[in-house]
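Participant: Let the hints inform the model, and build the full structure from the sequences given.
Number of protein chains: 6
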Amino acid sequence: MHNLFVNGRFCKDPKLANADDFYASGFNVSGMPTPTNLGFSVNALNVNRMPGLNTLGISMARADLEPFGLISPHIHPRATELILVLEGTIYVGFVVPDTRNPFKSRLFDKILHPGDAFVIPQSMVHIQYNLGTTNATHLSSFNSQNPGVHVISYQLFGSNPPILDDVLVKGFQLDKKVVDHLRAQFSSKS
Amino acid sequence: MHNLFVNGRFCKDPKLANADDFYASGFNVSGMPTPTNLGFSVNALNVNRMPGLNTLGISMARADLEPFGLISPHIHPRATELILVLEGTIYVGFVVPDTRNPFKSRLFDKILHPGDAFVIPQSMVHIQYNLGTTNATHLSSFNSQNPGVHVISYQLFGSNPPILDDVLVKGFQLDKKVVDHLRAQFSSKS
Amino acid sequence: MHNLFVNGRFCKDPKLANADDFYASGFNVSGMPTPTNLGFSVNALNVNRMPGLNTLGISMARADLEPFGLISPHIHPRATELILVLEGTIYVGFVVPDTRNPFKSRLFDKILHPGDAFVIPQSMVHIQYNLGTTNATHLSSFNSQNPGVHVISYQLFGSNPPILDDVLVKGFQLDKKVVDHLRAQFSSKS
Amino acid sequence: MHNLFVNGRFCKDPKLANADDFYASGFNVSGMPTPTNLGFSVNALNVNRMPGLNTLGISMARADLEPFGLISPHIHPRATELILVLEGTIYVGFVVPDTRNPFKSRLFDKILHPGDAFVIPQSMVHIQYNLGTTNATHLSSFNSQNPGVHVISYQLFGSNPPILDDVLVKGFQLDKKVVDHLRAQFSSKS
Amino acid sequence: MHNLFVNGRFCKDPKLANADDFYASGFNVSGMPTPTNLGFSVNALNVNRMPGLNTLGISMARADLEPFGLISPHIHPRATELILVLEGTIYVGFVVPDTRNPFKSRLFDKILHPGDAFVIPQSMVHIQYNLGTTNATHLSSFNSQNPGVHVISYQLFGSNPPILDDVLVKGFQLDKKVVDHLRAQFSSKS
Amino acid sequence: MHNLFVNGRFCKDPKLANADDFYASGFNVSGMPTPTNLGFSVNALNVNRMPGLNTLGISMARADLEPFGLISPHIHPRATELILVLEGTIYVGFVVPDTRNPFKSRLFDKILHPGDAFVIPQSMVHIQYNLGTTNATHLSSFNSQNPGVHVISYQLFGSNPPILDDVLVKGFQLDKKVVDHLRAQFSSKS
Numbered sequence: 001m002h003n004l005f006v007n008g009r010f011c012k013d014p015k016l017a018n019a020d021d022f023y024a025s026g027f028n029v030s031g032m033p034t035p036t037n038l039g040f041s042v043n044a045l046n047v048n049r050m051p052g053l054n055t056l057g058i059s060m061a062r063a064d065l066e067p068f069g070l071i072s073p074h075i076h077p078r079a080t081e082l083i084l085v086l087e088g089t090i091y092v093g094f095v096v097p098d099t100r101n102p103f104k105s106r107l108f109d110k111i112l113h114p115g116d117a118f119v120i121p122q123s124m125v126h127i128q129y130n131l132g133t134t135n136a137t138h139l140s141s142f143n144s145q146n147p148g149v150h151v152i153s154y155q156l157f158g159s160n161p162p163i164l165d166d167v168l169v170k171g172f173q174l175d176k177k178v179v180d181h182l183r184a185q186f187s188s189k190s
Numbered sequence: 001m002h003n004l005f006v007n008g009r010f011c012k013d014p015k016l017a018n019a020d021d022f023y024a025s026g027f028n029v030s031g032m033p034t035p036t037n038l039g040f041s042v043n044a045l046n047v048n049r050m051p052g053l054n055t056l057g058i059s060m061a062r063a064d065l066e067p068f069g070l071i072s073p074h075i076h077p078r079a080t081e082l083i084l085v086l087e088g089t090i091y092v093g094f095v096v097p098d099t100r101n102p103f104k105s106r107l108f109d110k111i112l113h114p115g116d117a118f119v120i121p122q123s124m125v126h127i128q129y130n131l132g133t134t135n136a137t138h139l140s141s142f143n144s145q146n147p148g149v150h151v152i153s154y155q156l157f158g159s160n161p162p163i164l165d166d167v168l169v170k171g172f173q174l175d176k177k178v179v180d181h182l183r184a185q186f187s188s189k190s
Numbered sequence: 001m002h003n004l005f006v007n008g009r010f011c012k013d014p015k016l017a018n019a020d021d022f023y024a025s026g027f028n029v030s031g032m033p034t035p036t037n038l039g040f041s042v043n044a045l046n047v048n049r050m051p052g053l054n055t056l057g058i059s060m061a062r063a064d065l066e067p068f069g070l071i072s073p074h075i076h077p078r079a080t081e082l083i084l085v086l087e088g089t090i091y092v093g094f095v096v097p098d099t100r101n102p103f104k105s106r107l108f109d110k111i112l113h114p115g116d117a118f119v120i121p122q123s124m125v126h127i128q129y130n131l132g133t134t135n136a137t138h139l140s141s142f143n144s145q146n147p148g149v150h151v152i153s154y155q156l157f158g159s160n161p162p163i164l165d166d167v168l169v170k171g172f173q174l175d176k177k178v179v180d181h182l183r184a185q186f187s188s189k190s
Numbered sequence: 001m002h003n004l005f006v007n008g009r010f011c012k013d014p015k016l017a018n019a020d021d022f023y024a025s026g027f028n029v030s031g032m033p034t035p036t037n038l039g040f041s042v043n044a045l046n047v048n049r050m051p052g053l054n055t056l057g058i059s060m061a062r063a064d065l066e067p068f069g070l071i072s073p074h075i076h077p078r079a080t081e082l083i084l085v086l087e088g089t090i091y092v093g094f095v096v097p098d099t100r101n102p103f104k105s106r107l108f109d110k111i112l113h114p115g116d117a118f119v120i121p122q123s124m125v126h127i128q129y130n131l132g133t134t135n136a137t138h139l140s141s142f143n144s145q146n147p148g149v150h151v152i153s154y155q156l157f158g159s160n161p162p163i164l165d166d167v168l169v170k171g172f173q174l175d176k177k178v179v180d181h182l183r184a185q186f187s188s189k190s
Numbered sequence: 001m002h003n004l005f006v007n008g009r010f011c012k013d014p015k016l017a018n019a020d021d022f023y024a025s026g027f028n029v030s031g032m033p034t035p036t037n038l039g040f041s042v043n044a045l046n047v048n049r050m051p052g053l054n055t056l057g058i059s060m061a062r063a064d065l066e067p068f069g070l071i072s073p074h075i076h077p078r079a080t081e082l083i084l085v086l087e088g089t090i091y092v093g094f095v096v097p098d099t100r101n102p103f104k105s106r107l108f109d110k111i112l113h114p115g116d117a118f119v120i121p122q123s124m125v126h127i128q129y130n131l132g133t134t135n136a137t138h139l140s141s142f143n144s145q146n147p148g149v150h151v152i153s154y155q156l157f158g159s160n161p162p163i164l165d166d167v168l169v170k171g172f173q174l175d176k177k178v179v180d181h182l183r184a185q186f187s188s189k190s
Numbered sequence: 001m002h003n004l005f006v007n008g009r010f011c012k013d014p015k016l017a018n019a020d021d022f023y024a025s026g027f028n029v030s031g032m033p034t035p036t037n038l039g040f041s042v043n044a045l046n047v048n049r050m051p052g053l054n055t056l057g058i059s060m061a062r063a064d065l066e067p068f069g070l071i072s073p074h075i076h077p078r079a080t081e082l083i084l085v086l087e088g089t090i091y092v093g094f095v096v097p098d099t100r101n102p103f104k105s106r107l108f109d110k111i112l113h114p115g116d117a118f119v120i121p122q123s124m125v126h127i128q129y130n131l132g133t134t135n136a137t138h139l140s141s142f143n144s145q146n147p148g149v150h151v152i153s154y155q156l157f158g159s160n161p162p163i164l165d166d167v168l169v170k171g172f173q174l175d176k177k178v179v180d181h182l183r184a185q186f187s188s189k190s
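Protein chains in written order, with UniProt numbering: chain A, 1 to 190; chain B, 1 to 190; chain C, 1 to 190; chain D, 1 to 190; chain E, 1 to 190; chain F, 1 to 190.
Please note that the accuracy of each hint is not assured.
In this list, chains with the same sequence are indistinguishable; a pair is considered to hold if it fits within one copy or across any two.
Claimed, not checked - BS3-like cross-link-like pairs, simulated, lysine-lysine; straight-line CA separation at most 27 angstroms:
hint, residue 1, residue 2
1, LYS170, LYS110
2, LYS104, LYS170
3, LYS104, LYS15
4, LYS110, LYS177
5, LYS176, LYS12
6, LYS110, LYS176
7, LYS15, LYS170
8, LYS176, LYS104
9, LYS176, LYS15
10, LYS12, LYS177
11, LYS110, LYS12
12, LYS12, LYS104
13, LYS177, LYS15
14, LYS15, LYS110
FYI, nobody ran anything at the bench for these hints, they're computed from the structure. Computed from a predicted model, the values in this text were never measured in an experiment.
Facilitator: What follows is the structure in structure tokens.
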């Protein structure tokens with residue numbers, strides 16, 4: 001049975017479900033720091049933590065950023081993200097393509113304080129950056145139980161196997177040395 | 001043009017949209033107290049506050065409950081609600097019908113502390129109740145830009161025009177006097 | 001295999017499907033009276049009776065109401081209901097919340113005769129009541145193979161375990177005695 | 001404003017909506033006979049008759065068949081149809097393609113009596129035929145407010161302009177004379 | 001496990017998925033000729049050829065038509081088809097019902113040359129016909145991984161068991177002899 | 001009226017629609033070269049070229065790549081892309097995040113020859129690269145009438161206003177000089 005997969009998760013026998021399936025805890029503290037040196041941690045409230053989210057189309061996350069901590073450019077392929085700042089000063093922005101010319105785009109950005117909210121439409125490249133000298137925290141709501149996250153730097157320069165040298169050199173007009181440097185930063189060691 | 005309605009809202013000219021359309025503020029404080037005497041207030045982050053939510057399928061709200069404040073039994077007809085407690089002690093529960101016998105049901109309930117989360121599937125009757133002697137606050141995420149809220153007591157006993165006496169007397173096995181009492185509580189004065 | 005659940009039902013091997021999977025009978029007569037004393041019965045044409053409805057997003061039901069029989073306030077969390085009266089005189093109504101003030105609402109109601117139809121949008125609180133002195137029958141169409149039914153009285157006062165006393169007393173501004181009375185009416189014995 | 005079209009219909013100002021928008025009447029009698037000589041009439045309960053159906057994804061119809069009346073092969077491109085027989089004896093069937101070989105198919109058919117039900121999955125070719133010597137009536141539920149109907153004979157042989165002779169002669173292996181005969185039957189005079 | 005079916009296909013263990021699951025080949029040549037004598041072949045790029053299409057909602061096909069080859073009237077019940085001509089001259093058309101009178105319809109047709117495109121909305125009866133004296137080829141895109149195909153002639157006259165004689169004779173105003181002739185053409189031998 | 005926007009496009013009056021609305025031409029030749037120096041052009045078959053695609057959820061494009069032409073890393077936020085090679089040798093790949101660790105990912109890549117196909121799930125970062133010394137051409141199908149395209153390099157380094165220096169320097173671990181170089185490459189002049 002453990003070899004069998006569906007789109008999403010199998011469901012629990014409804015007769016055996018109980019309140020604990022719809023409950024999770026531990027979101028009053030930050031998550032484990034990420035293995036990056038970017039100074040942030042994420043505490044994700046998703047179907048792994050709360051089984052009852054399966055099929056419900058919703059999840060949340062808490063993000064904590066050290067001073068100048070950065071959640072570098074990334075996208076969520078399956079969800080819109082609605083951000084609410086609890087503490088600190090967070091710069092947010094997303095890139096809006098020109099629908100008629102994909103080689104032009106606008107940045108929609110904002111400096112957020114506690115109680116401020118900002119929404120990132122599904123699949124838009126965006127960033128969160130702690131502009132202040134104190135810790136900052138925001139909550140995020142997602143309209144998927146499985147929003148996904150694609151961190152651009154790790155996807156471009158850290159995949160296994162790597163993207164072809166020529167693609168990166170030509171695509172970003174970079175020296176091969178810079179590409180090597182980027183790969184050294186973002187490739188997974190293990 | 002102001003006589004014209006679509007399902008949802010009309011969109012802004014994309015060329016004129018800017019970051020402010022995706023921004024809202026003021027969620028670090030409680031909303032206006034509700035006109036009920038139940039001791040809670042709601043600060044809703046929806047399409048009225050943030051125009052860019054239109055068509056995005058997501059919204060949030062902040063709820064503040066005084067000691068023993070109660071958000072009485074209600075449903076959200078168009079969204080699942082994911083609750084995260086920021087402060088205080090909140091009792092939450094929703095009623096789960098037996099899918100084969102609608103005259104039986106189970107209550108899934110839980111006492112939540114800061115950092116605890118609970119999910120209420122779409123359209124389920126549910127309540128939030130401040131069990132403690134201090135104020136309590138939770139955030140809620142919804143997977144609709146327009147979740148809706150149907151407060152059972154106000155819907156049953158406060159509609160205009162009222163539901164027929166016979167329906168309420170028979171449907172709840174109540175004396176007409178009790179129905180009159182309930183109407184007096186929940187009818188809108190204005 | 002009987003321990004495995006998906007969202008909905010598993011499908012039959014298409015090669016083994018036949019006309020009987022898309023057929024059901026017995027809707028020319030009323031269903032079994034409900035265990036309530038409200039004077040109605042429901043004969044449901046759903047996926048349990050017609051396996052081929054699985055995944056098709058449609059179902060029906062026949063409701064029979066004795067004189068003054070009442071289908072007390074309830075909602076269907078996953079479907080809009082389209083009612084067509086076959087016989088008798090049926091009062092129908094649903095409660096429409098004010099989208100800007102959830103403590104105000106309007107009742108949309110109508111007296112229906114044979115050949116009259118009325119639609120109840122998804123998740124709206126509604127009632128059907130036989131105003132006449134003869135039996136009444138209506139058919140209902142639902143745009144889900146699993147519309148669900150939440151009977152408000154049984155959900156509020158009959159759940160297992162019960163909703164906290166304080167919630168019901170405060171939420172409905174009722175004496176504890178009345179709450180006890182209501183529980184006695186709507187709790188399941190078994 | 002009357003030159004402006006959206007996908008579906010424009011909505012009424014919610015403040016002006018009332019119970020009449022969700023009500024329709026006249027389904028206790030048959031509709032106008034169709035201009036065909038096939039012996040049936042349809043009384044459609046759709047958004048033209050009940051404006052409130054707009055966006056709700058549901059509709060109904062009543063069909064009356066004279067003895068040997070036939071609703072000839074047709075499809076509903078946007079809805080599954082759930083049939084319930086009220087009176088008489090109706091033969092129903094739909095054609096199920098072999099998913100691996102489109103040149104083979106199975107017929108799922110059944111003879112229905114009052115109280116019997118049958119479901120036609122979306123877009124399947126199907127027929128209803130009164131096998132008896134008395135009038136027959138069935139109700140149909142659709143999970144779209146706009147199911148559509150494509151009557152195969154009228155579509156193949158009655159379109160304006162007509163489908164090319166060669167297509168019909170070759171596609172159905174028919175003499176040109178038979179095609180002309182069919183066109184004479186199914187072309188619209190007006 | 002091979003007795004178990006879901007809506008669509010089971011998924012592969014994501015950890016075992018690789019590039020080959022998202023790859024297929026052989027669409028530079030025509031598919032096997034169909035068992036009809038209509039002079040066309042289809043090379044389908046669907047979930048059977050490319051397992052990774054499961055749940056993705058897209059597929060393609062290549063169609064090759066001999067001179068005067070005809071893909072006779074058919075529908076795709078679960079997808080819109082977007083046609084792009086690679087070679088030759090292809091006549092295409094689909095039948096558009098009058099939404100208020102199903103016994104009238106319009107034909108939208110066009111003669112396509114290499115580089116021309118035409119779209120067939122979901123479930124519309126349509127045809128492709130090689131008007132030229134050389135081979136013709138088009139590609140088709142579908143917005144479903146399982147578009148389905150219902151060939152009208154084979155569905156009406158070749159199903160197993162057959163549609164009742166009376167239905168076909170009356171529905172198409174044909175002699176029983178012509179119906180027998182049509183059955184002989186379109187029934188499957190095996 | 002030209003100030004009014006809906007989600008998608010307004011529809012044409014159905015009575016005025018004709019075959020030309022469902023037709024487009026010119027896809028047998030390459031599109032205009034892009035303003036990049038990457039050596040490719042795109043000829044897009046979308047709702048701007050074929051108005052009838054509005055609401056249909058499908059579109060196509062033809063891409064032509066010079067020798068060593070590169071469609072640099074990009075995503076389509078609203079569609080899965082199904083690629084079919086018509087001519088030449090094209091290297092394709094997309095990056096698959098590890099769903100439990102967003103700082104690790106796999107590359108699924110393949111070298112495609114004429115008649116080969118490859119599918120890119122919605123919102124995945126991907127590239128197409130002409131590995132050969134001759135021109136290469138592929139067609140792409142999308143399951144949206146408006147797939148969108150976000151070219152990573154232009155979004156990160158060419159937006160107006162630009163993304164903060166600190167975000168790019170820290171996020172990609174690059175010297176400010178390299179960031180300036182990248183901005184010079186990808187910023188729009190006009």
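Participant: If a hint holds in the structure, say so; if it does not, say that too.
Facilitator: Comparing the hints with the structure gives:
no.: 1; hint: LYS170 x LYS110; in the structure: between (32 angstroms within a copy, 19 angstroms between copies)
no.: 2; hint: LYS104 x LYS170; in the structure: both (19 angstroms within a copy, 23 angstroms between copies)
no.: 3; hint: LYS104 x LYS15; in the structure: between (54 angstroms within a copy, 13 angstroms between copies)
no.: 4; hint: LYS110 x LYS177; in the structure: between (35 angstroms within a copy, 25 angstroms between copies)
no.: 5; hint: LYS176 x LYS12; in the structure: neither (51 angstroms within a copy, 37 angstroms between copies)
no.: 6; hint: LYS110 x LYS176; in the structure: between (35 angstroms within a copy, 23 angstroms between copies)
no.: 7; hint: LYS15 x LYS170; in the structure: neither (58 angstroms within a copy, 31 angstroms between copies)
no.: 8; hint: LYS176 x LYS104; in the structure: both (26 angstroms within a copy, 22 angstroms between copies)
no.: 9; hint: LYS176 x LYS15; in the structure: neither (59 angstroms within a copy, 31 angstroms between copies)
no.: 10; hint: LYS12 x LYS177; in the structure: neither (52 angstroms within a copy, 39 angstroms between copies)
no.: 11; hint: LYS110 x LYS12; in the structure: between (42 angstroms within a copy, 19 angstroms between copies)
no.: 12; hint: LYS12 x LYS104; in the structure: between (48 angstroms within a copy, 20 angstroms between copies)
no.: 13; hint: LYS177 x LYS15; in the structure: neither (60 angstroms within a copy, 32 angstroms between copies)
no.: 14; hint: LYS15 x LYS110; in the structure: between (47 angstroms within a copy, 18 angstroms between copies)
This entry does not satisfy hints 5, 7, 9, 10 and 13, going by the numbered hints stated previously.
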